[in-house]
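Take these sequences, add in the hints, and give me the full structure.
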Amino acid sequence: MNLARKDVWHNRGRFALTTLGLGTLLMIVMGMGGIYRGLTTEATQLVDKVGVELWVVQRGTRGPFAEISRVPKTLVDRVAAVPGVAEARAFVYHTIQRLRAGKPLRASVLGLDWPTDKGEWLPLSAGRPLAQAHFEMIADRSLGLTLGERLPLGKEIYTVVGLTSGMSDPAGNGFLFLTLADSQAVQFDQSPEGIRLERQARRARAEQIDLGNTQPTMLERAAGPGSQLPALPPNQISAVMTRLAPGVNEAAVKATIDGWADVSVYTRADEAKMLLMGVVERSRRQLGLFRVLLTTVSGIIMALILYTLTMDKLHDIALLKLIGASNWVIVKLIMQQAIALGALGYAVAWLLGQKAYPYFPRRVILTPDDLLMLAGVVLGVSVVASLVGIWKALRVQPNVALLG
Amino acid sequence: MRNAAIETHGLTKVYGSGHTEVVAMRDASLCVAHGQCVALIGPSGAGKSTFLTAVGLINPPTAGRILIGGRLVMEGPRALTNPRTFRRKHIGYISQKANLIRFLTARENVQVAMELNGESSRAARARALELLEYLGVRERAAGYPPELSGGEQQRVAVARALANRPSVILADEPTAALDGPRGRQVMELFRRVAHEQGAAVIVVTHDHRALDVFDTIYEMEDGVIRSGAAELSAASTFSGGKARP
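In order, the protein sequences belong to chains R and H.
Position 385 of the first sequence, counting from 1, maps to 385 under this note's numbering, and the rest follow consecutively.
Take any residue in the second sequence, count from 1 to its spot, add 1000: that is its number in this note's numbering.
Take the hints with a grain of salt, since some may be wrong.
[Said to hold, decoys possible] Here are the in silico distance ranges between beta carbons for each label pair:
(1) H:R1226 <-> R:L394: 38 to 46 Å
(2) R:T24 <-> H:Y1134: 47 to 55 Å
(3) H:R1226 <-> R:R395: 35 to 43 Å
(4) R:L394 <-> H:R1138: 33 to 41 Å
(5) H:R1138 <-> R:L20: 34 to 42 Å
(6) H:R1165 <-> R:V388: 32 to 40 Å
(7) R:R395 <-> H:G1045: 27 to 35 Å
(8) R:L304 <-> H:R1226: 46 to 54 Å
(9) H:E1133 <-> R:V383: 39 to 47 Å
(10) R:R395 <-> H:Y1134: 36 to 44 Å
(11) R:L394 <-> H:H1019: 27 to 35 Å
(12) H:E1221 <-> R:L20: 56 to 64 Å
(13) H:H1019 <-> R:R395: 27 to 35 Å
(14) R:N399 <-> H:E1139: 28 to 36 Å
[Said to hold, decoys possible] In silico EDC-like pairs for lysine to aspartate or glutamate, Cα to Cα no more than 20 Å straight-line:
(15) H:K1097 <-> R:D312
(16) R:K254 <-> R:D77
(17) R:K332 <-> R:D312
(18) R:K273 <-> R:D258
(19) R:K73 <-> R:D262
(20) H:K1089 <-> H:E1115
(21) R:K73 <-> R:E87
(22) R:K73 <-> R:D258
(23) R:K6 <-> H:E1115
(24) R:K254 <-> R:D270
(25) R:K332 <-> H:E1115
(26) R:K6 <-> H:E1119
(27) R:K155 <-> R:E198
(28) R:K273 <-> R:D48
(29) R:K332 <-> H:E1119
(30) R:K155 <-> R:E193
(31) R:K6 <-> H:E1147
(32) H:K1089 <-> H:E1007
Calculated from the structure, these hints are not laboratory results.
Remember, it's a predicted structure, so these values are computed and weren't measured experimentally.
Where is the CB? At the ideal position from N, CA and C, for every residue including glycine.
Shown next as structure tokens:
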């Protein structure tokens, strides 16, 4: 006769409620682990999925993710000319926040180097890659945009032609993929009044110098579009993504480009490390700490529950001793209940999580290894938590059964 | 005594110390043979339950010796055997208040005692039902203790005490919750178990109507046990029946 099962069955309502409570707590522990894993995955997924070997950024910076990097677009051609480089693409990356249906829409805009890069490498869950140089975009599902939806950005309207899943930046913002030109148009968009004021300011500066007064065309130029002024640099890009030809020594190409005085070069591993150790480091540690604390709290709560359950049946335990039950029978009774509570709580956590995690604002990734590790921790905590109850149960004397 | 199932020599139990010291049992010596059914009577606070829990290896005495089946099991407060294992194998204990495990049914309460003693689940279940049938609570076998009346609970407790065919049965006011006929039936059951199975039975009771079923009656007062022979006439007087030699 399994006494633990009999006791659980007899008090099934109470046990079910306790399990539900513990399961909810464990769901948060499990979710916290999933968010932790999601954070680290999101932090490095772009670097991983783009699939390039080298990132060429502004000298002395740790761009383009950990900090701002600005390099001229001509750098793409310079890098492409280096022996061993199979492909060089411009990389533009910035964050926007706009209103959509009265709610803020926060997204990371990533420029694709059309026509070289149409977004074929993206894991599309619906739609297609970009098919034209302008006014199309691929959006991540987390942004809530739908296929065919038209979204005004800057002075233009962009149509969603493709959808990705789980493509978000280290801060959890979903990605919008536009062509490089469109992404820069969005990034450097100015209001007409702003443009007029800037042109007027340039003309006023030109009027203050002799050259401006003696050369009337210069004044005209100064008041014209910035793109027609040779003295002003064109819009810059964030970095150059470099894919190497097969069999090429990565270190040798890196050393060549690193020799240039205006750029720094990082490998994919360097970028991933910078993201994990820099951009998301505090969040990662915070989540890790919360996870440990929550697990500890769960353990304490489990111990309290098991202690209370044991105290409630102390008379029955004394009675079992009175009729000759060995300590092992008592230990089994409490420990089996503890393990059952932990196992069922874990199952409830998993089931609840399947329903709840998709609604979490951050991505929750449950890996088999993490689930297995948590199962082990819950099992360990269950056993340890039962020790207080066991200690109390082993101390009770059989004659307690004869009192009152 | 030859063939002694229970022997106690100079059992003394002292609670507290100094000016709070209370002597609950003083130099209590008793010998009960196999097959003998003995009643222990006396006023409340006389030390009867203390004596019974000492012999049941539940509450060790401060001094004295206890032998069960000729084997010294307790010397002073020191147990010379594992009390729980010994109790499981050799002693059936029935307390004044029906003490049943709340999360087990009536049948399981009886069955568990046998399973703890190594009986197979199937055999234990069958015997549990037999005992419940015998005690008239077979139809309540699936009921949990709170669903049973006080008398039914007590009969289940008696069934549990008899489950492992113990050589010693100790019962503390077992009929307190039973009506007259049912109480007498239980007392007669104890006598039959003693006579047929050779068990030594000690019953603490206030129920003088059933004293005639006992072989010997002892009286305990102020922690001291008087000899059984001396009490026979008193028992006859209480019960109005004939004392047994």
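Comparing the hints with the structure gives:
{"no.": "1", "hint": "H:R1226 <-> R:L394: 38 to 46 Å", "in the structure": "40 Å, holds"}
{"no.": "2", "hint": "R:T24 <-> H:Y1134: 47 to 55 Å", "in the structure": "50 Å, holds"}
{"no.": "3", "hint": "H:R1226 <-> R:R395: 35 to 43 Å", "in the structure": "38 Å, holds"}
{"no.": "4", "hint": "R:L394 <-> H:R1138: 33 to 41 Å", "in the structure": "36 Å, holds"}
{"no.": "5", "hint": "H:R1138 <-> R:L20: 34 to 42 Å", "in the structure": "38 Å, holds"}
{"no.": "6", "hint": "H:R1165 <-> R:V388: 32 to 40 Å", "in the structure": "38 Å, holds"}
{"no.": "7", "hint": "R:R395 <-> H:G1045: 27 to 35 Å", "in the structure": "28 Å, holds"}
{"no.": "8", "hint": "R:L304 <-> H:R1226: 46 to 54 Å", "in the structure": "53 Å, holds"}
{"no.": "9", "hint": "H:E1133 <-> R:V383: 39 to 47 Å", "in the structure": "42 Å, holds"}
{"no.": "10", "hint": "R:R395 <-> H:Y1134: 36 to 44 Å", "in the structure": "37 Å, holds"}
{"no.": "11", "hint": "R:L394 <-> H:H1019: 27 to 35 Å", "in the structure": "34 Å, holds"}
{"no.": "12", "hint": "H:E1221 <-> R:L20: 56 to 64 Å", "in the structure": "58 Å, holds"}
{"no.": "13", "hint": "H:H1019 <-> R:R395: 27 to 35 Å", "in the structure": "29 Å, holds"}
{"no.": "14", "hint": "R:N399 <-> H:E1139: 28 to 36 Å", "in the structure": "33 Å, holds"}
{"no.": "15", "hint": "H:K1097 <-> R:D312", "in the structure": "19 Å, holds"}
{"no.": "16", "hint": "R:K254 <-> R:D77", "in the structure": "16 Å, holds"}
{"no.": "17", "hint": "R:K332 <-> R:D312", "in the structure": "17 Å, holds"}
{"no.": "18", "hint": "R:K273 <-> R:D258", "in the structure": "19 Å, holds"}
{"no.": "19", "hint": "R:K73 <-> R:D262", "in the structure": "13 Å, holds"}
{"no.": "20", "hint": "H:K1089 <-> H:E1115", "in the structure": "11 Å, holds"}
{"no.": "21", "hint": "R:K73 <-> R:E87", "in the structure": "15 Å, holds"}
{"no.": "22", "hint": "R:K73 <-> R:D258", "in the structure": "17 Å, holds"}
{"no.": "23", "hint": "R:K6 <-> H:E1115", "in the structure": "14 Å, holds"}
{"no.": "24", "hint": "R:K254 <-> R:D270", "in the structure": "12 Å, holds"}
{"no.": "25", "hint": "R:K332 <-> H:E1115", "in the structure": "15 Å, holds"}
{"no.": "26", "hint": "R:K6 <-> H:E1119", "in the structure": "18 Å, holds"}
{"no.": "27", "hint": "R:K155 <-> R:E198", "in the structure": "18 Å, holds"}
{"no.": "28", "hint": "R:K273 <-> R:D48", "in the structure": "12 Å, holds"}
{"no.": "29", "hint": "R:K332 <-> H:E1119", "in the structure": "18 Å, holds"}
{"no.": "30", "hint": "R:K155 <-> R:E193", "in the structure": "13 Å, holds"}
{"no.": "31", "hint": "R:K6 <-> H:E1147", "in the structure": "17 Å, holds"}
{"no.": "32", "hint": "H:K1089 <-> H:E1007", "in the structure": "18 Å, holds"}
When each numbered hint is compared with the structure, no violation occurs for any of them.
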